[in-house]
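Read off the chains here:
There are 2 protein chains.
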Amino acid sequence: MNGLLRRQKETSIQKCMSEIRTEIKQLGEFGLIDRIQQQFTLTNATSRTGIGDDAAVIDAGDDCLLVSTDMLVEGVHFDLAYTPIQHLGYKAVAVNVSDIAAMNGKTEQITVSLALSNRFSIEAVDALYAGIRSACENYKVDLVGGDTTSSSSGLVISVTALGRAKREQIAYRNGAKPNDIICVTGDLGAALVGLQVLEREKEVFLANPDMQPDLEKYQYLVGRQLKPEARTDIVFDLAEAGVKPSAMIDISDGLASELLHIAKNSQVGIRIYEDKVPIDHSTYETAIEFKLDPITCALNGGEDYEMLFTISKSDQEKIKNHPDIHFIGYVHERKSENVLITKAGTPVPLRAQGWDHFKA
Amino acid sequence: MNGLLRRQKETSIQKCMSEIRTEIKQLGEFGLIDRIQQQFTLTNATSRTGIGDDAAVIDAGDDCLLVSTDMLVEGVHFDLAYTPIQHLGYKAVAVNVSDIAAMNGKTEQITVSLALSNRFSIEAVDALYAGIRSACENYKVDLVGGDTTSSSSGLVISVTALGRAKREQIAYRNGAKPNDIICVTGDLGAALVGLQVLEREKEVFLANPDMQPDLEKYQYLVGRQLKPEARTDIVFDLAEAGVKPSAMIDISDGLASELLHIAKNSQVGIRIYEDKVPIDHSTYETAIEFKLDPITCALNGGEDYEMLFTISKSDQEKIKNHPDIHFIGYVHERKSENVLITKAGTPVPLRAQGWDHFKA
Numbered sequence: 444m445n446g447l448l449r450r451q452k453e454t455s456i457q458k459c460m461s462e463i464r465t466e467i468k469q470l471g472e473f474g475l476i477d478r479i480q481q482q483f484t485l486t487n488a489t490s491r492t493g494i495g496d497d498a499a500v501i502d503a504g505d506d507c508l509l510v511s512t513d514m515l516v517e518g519v520h521f522d523l524a525y526t527p528i529q530h531l532g533y534k535a536v537a538v539n540v541s542d543i544a545a546m547n548g549k550t551e552q553i554t555v556s557l558a559l560s561n562r563f564s565i566e567a568v569d570a571l572y573a574g575i576r577s578a579c580e581n582y583k584v585d586l587v588g589g590d591t592t593s594s595s596s597g598l599v600i601s602v603t604a605l606g607r608a609k610r611e612q613i614a615y616r617n618g619a620k621p622n623d624i625i626c627v628t629g630d631l632g633a634a635l636v637g638l639q640v641l642e643r644e645k646e647v648f649l650a651n652p653d654m655q656p657d658l659e660k661y662q663y664l665v666g667r668q669l670k671p672e673a674r675t676d677i678v679f680d681l682a683e684a685g686v687k688p689s690a691m692i693d694i695s696d697g698l699a700s701e702l703l704h705i706a707k708n709s710q711v712g713i714r715i716y717e718d719k720v721p722i723d724h725s726t727y728e729t730a731i732e733f734k735l736d737p738i739t740c741a742l743n744g745g746e747d748y749e750m751l752f753t754i755s756k757s758d759q760e761k762i763k764n765h766p767d768i769h770f771i772g773y774v775h776e777r778k779s780e781n782v783l784i785t786k787a788g789t790p791v792p793l794r795a796q797g798w799d800h801f802k803a
Numbered sequence: 444m445n446g447l448l449r450r451q452k453e454t455s456i457q458k459c460m461s462e463i464r465t466e467i468k469q470l471g472e473f474g475l476i477d478r479i480q481q482q483f484t485l486t487n488a489t490s491r492t493g494i495g496d497d498a499a500v501i502d503a504g505d506d507c508l509l510v511s512t513d514m515l516v517e518g519v520h521f522d523l524a525y526t527p528i529q530h531l532g533y534k535a536v537a538v539n540v541s542d543i544a545a546m547n548g549k550t551e552q553i554t555v556s557l558a559l560s561n562r563f564s565i566e567a568v569d570a571l572y573a574g575i576r577s578a579c580e581n582y583k584v585d586l587v588g589g590d591t592t593s594s595s596s597g598l599v600i601s602v603t604a605l606g607r608a609k610r611e612q613i614a615y616r617n618g619a620k621p622n623d624i625i626c627v628t629g630d631l632g633a634a635l636v637g638l639q640v641l642e643r644e645k646e647v648f649l650a651n652p653d654m655q656p657d658l659e660k661y662q663y664l665v666g667r668q669l670k671p672e673a674r675t676d677i678v679f680d681l682a683e684a685g686v687k688p689s690a691m692i693d694i695s696d697g698l699a700s701e702l703l704h705i706a707k708n709s710q711v712g713i714r715i716y717e718d719k720v721p722i723d724h725s726t727y728e729t730a731i732e733f734k735l736d737p738i739t740c741a742l743n744g745g746e747d748y749e750m751l752f753t754i755s756k757s758d759q760e761k762i763k764n765h766p767d768i769h770f771i772g773y774v775h776e777r778k779s780e781n782v783l784i785t786k787a788g789t790p791v792p793l794r795a796q797g798w799d800h801f802k803a
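Protein chains in written order, with our numbering: chain S, 444 to 803; chain Z, 444 to 803.
Think of the hints as simulated: they come from the structure by calculation, not from any bench. There could be a bad hint or two in this list.
Identical copies carry no separate label here, and so any pair may be met within one copy or between two of them.
[As the list claims (entries may be wrong)] No more than 35 Å apart at the CA atoms, straight line, and that leaves these computed lysine-lysine pairs for DSBU-like: (1) K609 x K583; (2) K468 x K583; (3) K778 x K468; (4) K660 x K763; (5) K756 x K468; (6) K786 x K583; (7) K549 x K609; (8) K707 x K645.
One chain only, chain S, in its complex shape (with noise of 0.2 Å):
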């Protein structure tokens, strides 16, 4: 225990800040993932695959589980002055089960955990395990355990999903071939431009607190941000259909990103077409409004939870009639040539810019 002390002393949290120091910023949250990743390696024959994908695969008899956990934390991920609690609660459900659908698996129990403030009320708590109910009724989920605790400063939910899927089925980032078709889901860029509404709605309520919200107009930009849907609606129908997709992976973080990860771990390049990414119309007019290019929010805005996937050529002809399904180019065997075609023909390189919390 002499030992206990020392170390004690010598690696206290005020030792490790005086000395060395190097911001997490520098590293970003990939970074600091890869770095994680890096230290860890698997030794259980159950660990099938660990970090790295939109969920871990643990072997459970003839099924493999999946495994996925998200935390959102007050002040980063939400601002409770335009979020109803319950539409957060549901929404902490619903980013956890699109991480499950995004392995091409079903999410069959979730655990909560929350950090309080003694801000909160019994009728708060109420209120967001309400829309956690919802969210479990609505995706047949079941709320199995979690943890609650009082915090110093404001709320944070933490939330694992338990999902299933047969092992053949499991589609990983990974798995992306040259020639297979690149196939997104519902729309892009609306969570973003939701969320500058709520804000500029923020100011203005700030400013004049009589001030009636005018958010008519923006209901739709609203509401994706503020109450995402997982797309689990597509693994049933890509089950129907036949089609197995060769890698998936959920917009969370902006297409791009998602985009440059399928294309990391799958060693290949991709090229999509600035014509066919989906775009709501009022996504484009309220973009415009807000002087922002339409492109980027669908390319960078995060927080769609859309699904990004890709299909061998021979199963396009399959889901070409689906009314939610797009095809916005292709895989090549060009790695590390990933690159947008604009409507204009010429070719931008993809960056990643989406959503990092550490350089935010």
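Got chain S; can you put chain Z on it based on the hints?
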């Protein structure tokens, strides 16, 4: 979407907080958990048990999967003024491994989510993960996922542990039967008394930063607080001896609180003897030094992470020579008659005065 916006106006957090307001501390942590549990039912066939035990139980082929989650919040669960950050990482894993052990299972995977303020450097994060890795190696657990995000203040660690057990080997809280023997491992109260020592040394340090803390004589107590171990050895030893506990729980909130959980869940009464409760001599002496009653420290001090379990009388012979298992009382059928028999022979009702974050 009209509804969305209307609900948004009606149920924003400000609204929740300005109308009826019930403080969380009126319910307390266990009251809040009961309230949440009542709002949720299990619907998926694979969800065997949900909220209400040390871990949830999920079907996974021939085995069952055990899921437990704990959140540690800076300023509530730990103070980095005297907690070496790598010990914190170790402890965050150990307390979850302890929960899985309390189901008579073995932890195989964990996920770790972190919220970090910009006070933390890469070096501090590395030290935290060094502790996590050390615990993973010691308990043979794989880190398979997680989430890292920024926070506006302080550090939050959320760990989810996934364990495994044969269905028939799982020990729930609700299996204690009249005449069962109540067993406890190790010794109790040391973590609480260790915390008192650390708090006192912090005060001394704040008053005079040049003063070297004199912790030599308190090494055992301080070690129990800062770097608790999960009693995975007990799960192994019980299996070796051919003993399956009728009920089991780990002691995180204090012996009295955990005994009452077993009594309530098993619908039985319990009777323990003061002179049988294991207390280390240094816990005893230091409690007296701090003007604390040693038996109160053992009954109500949390974070010992020892195992509390009940066994059939016929199994007692099999483990009677185990050096670290103590028989402290027995189970009877008179529900809600839960008593401690003092050294003087007086029965005293057991009360849960364990740590409650919301009432602290």
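Hints that the structure is at odds with (numbers, increasing): Structure breaks hints 5, 6 and 8.
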